[in-house]
Amino acid sequence: MRSVETLRMDKFLAMGGFAQYVWPAYAAFFVILAGDVLATVVRRRRVLRELRGRLARQGTRRPRVSA
Amino acid sequence: MNAFKLWYHKLGSPPYFYVFAGYIQPWLWTIALLLAAVGLYGGLVLAPPDALQGDAFRIIFVHVPAAWMSLFVYGVMAVSAFVAVIWRPKMAEVLAMESAPIGAAFTLIALITGSLWGKPMWGTYWTWDARLTSELVLFFIYLGIIGLYHAFDDPRQGARAASFLAMIGAVNLPIVHYSVVWWNTLHQGTTVHYFGPSSIAPSMLWPLLLMTIAAKFYYGASLMGRSRVALLSLERGKDWVADEVRGDTAHG
Amino acid sequence: MSAASLGGAFRTMLVRDLLLAWRRRGDAMLPVLYAIIVATLFPFALGPEHALLARIAGGVVLVTVLLAMLLALDNVFRGDLDDGALEQMLLAPQPLSLLLAARMLAYWLVTALPLLLVAPVLAYMLGLEPAAQPVLLLALLLATPLLALLGIVLTALTAGTRRSGMLLSLMLLPLAVPIVIFAAGAVGAAQQGLPWVAPLAWLAAALALALVLAPLACATALRIALDT
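These protein sequences, in sequence, are chains A, B and C. Heads up: the first sequence begins at -15 in the numbering used here, then just goes up one per residue. Heads up: the second sequence begins at 4 in the numbering used here, then just goes up one per residue. Heads up: the third sequence begins at 88 in the numbering used here, then just goes up one per residue.
Calculated directly from the structure, the hints in this document are not laboratory data. Do not take every clue at face value.
So, partial list: chain C residues that the calculated Cβ filter (under 8 Å) puts toward chain B [claimed, not checked]:
| hint | residue |
| --- | --- |
| 1 | N162 |
| 2 | M212 |
| 3 | G214 |
| 4 | P217 |
| 5 | L244 |
| 6 | G247 |
| 7 | T248 |
| 8 | L254 |
| 9 | L262 |
| 10 | P265 |
| 11 | I311 |
Where is the CB? At the ideal position from N, CA and C, for every residue including glycine.
Based on the sequences and whatever the hints tell you, model everything.
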């Protein structure tokens, strides 16, 4: 026999029969925004890697004059 | 020089902005997530099902904030673009260009959630209703701006050109909207108003407002993160970037 | 070296552009050919049913003309950019916007005018009611200069880039939505026997505004795109 909580959870997830519209809408909202955040994180890593490489190359050629 | 002007000029300097953005970003994130958590609980759990639409109305808690943000972000982008074209400060270019993808993301969300809402309401995922059609045109305008920005080899030149396009788009957007509304009435399209201000119960309104404010803070947080990366890339030859990279490496 | 007067510079520019177009008149005919072929495809795709074709005739002709004009836009600054004439225009003592206005007029005369001549024929072949023909022509007469002005401003923005064909359509088509709606709306209203003056009046107002603003905007756009 299922507990009261499970039944309430089922009812919540069913969304009064509209689950197939409500949850994909929420999923789209969070997935697209997560993609926006992830794109920034990936780009930050790439830029930092580039800059580190640039710094390393400069360091071997000539010591940087401190400004 | 008054305090505001001083602050404005300080923020216009990339190293200062970088530090400032890094400082406020966690706060923006925290506020956005907290507001969204409370708003989602209120919208998904506490608000009773709508008399007409049942539980399908709960899509508004993501659809309406996204649709509002799609215009709000365009507004912010257009103002930065205007400043970027007239006075050419680097920060205005960065803010305008980093706003565009976020605005496009919100527009895409508004389109997807709108059509998911339309299926149970209109019986079809897509109808040429005035609001959805305007959002679609707005999405194309965002894509055009992003595309133009990336078409140039020099990012600053691309930013200025795309900023000018954003300004033309800003003039054109109201015209697009009113022409689409006129076109819709001309062809007797779906003039279904599921959503008038009078029909909103307070139990729906406060989660909706919270979600809208959360979306604004999310935009702020994402914009800060994006601008910081863009500045690192744009100012790559500068000493402050070298210091920043070294510090980042030291931290791990 | 004395600078030519404003009117003289405008005329010189216009005559030069028209002469260049005349020397390559085969190229100038391409948009017209394109429009004819695209319009011919619709009956093949939809079937030769008269009522259906008559209903969509106005819209088909308008969209076809828009696409044909888009096809020719890419070349507006291409030649001048390659041979350095564009740099000379930027440095000329006359206002850049004036020279660009001449360029816009030349583009409209070379590209849009032939399209305006074939448009009624295409509309007739698709079965547009004779009553709606003058409205279609009037709508095109107002819509094509608007498209030319808007299109050339956007082309100027892409002048500094190499790949611009697809990008240009992505930039222009969303902004051209109101023009299509008002022009096609007027034709549609005329087909149904409804008043059609209002949308055309809006187009005329937009054209008056664009005639003043577009050359200035185009000058700004060109300076941005070429970074001067």
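Structure-based check of all given hints:
{"no.": "1", "hint": "N162", "result": "18 Å, violated"}
{"no.": "2", "hint": "M212", "result": "25 Å, violated"}
{"no.": "3", "hint": "G214", "result": "20 Å, violated"}
{"no.": "4", "hint": "P217", "result": "22 Å, violated"}
{"no.": "5", "hint": "L244", "result": "5 Å, holds"}
{"no.": "6", "hint": "G247", "result": "6 Å, holds"}
{"no.": "7", "hint": "T248", "result": "4 Å, holds"}
{"no.": "8", "hint": "L254", "result": "5 Å, holds"}
{"no.": "9", "hint": "L262", "result": "5 Å, holds"}
{"no.": "10", "hint": "P265", "result": "4 Å, holds"}
{"no.": "11", "hint": "I311", "result": "5 Å, holds"}
Violated hints, in rising order: 1, 2, 3 and 4; the structure is consistent with all others.
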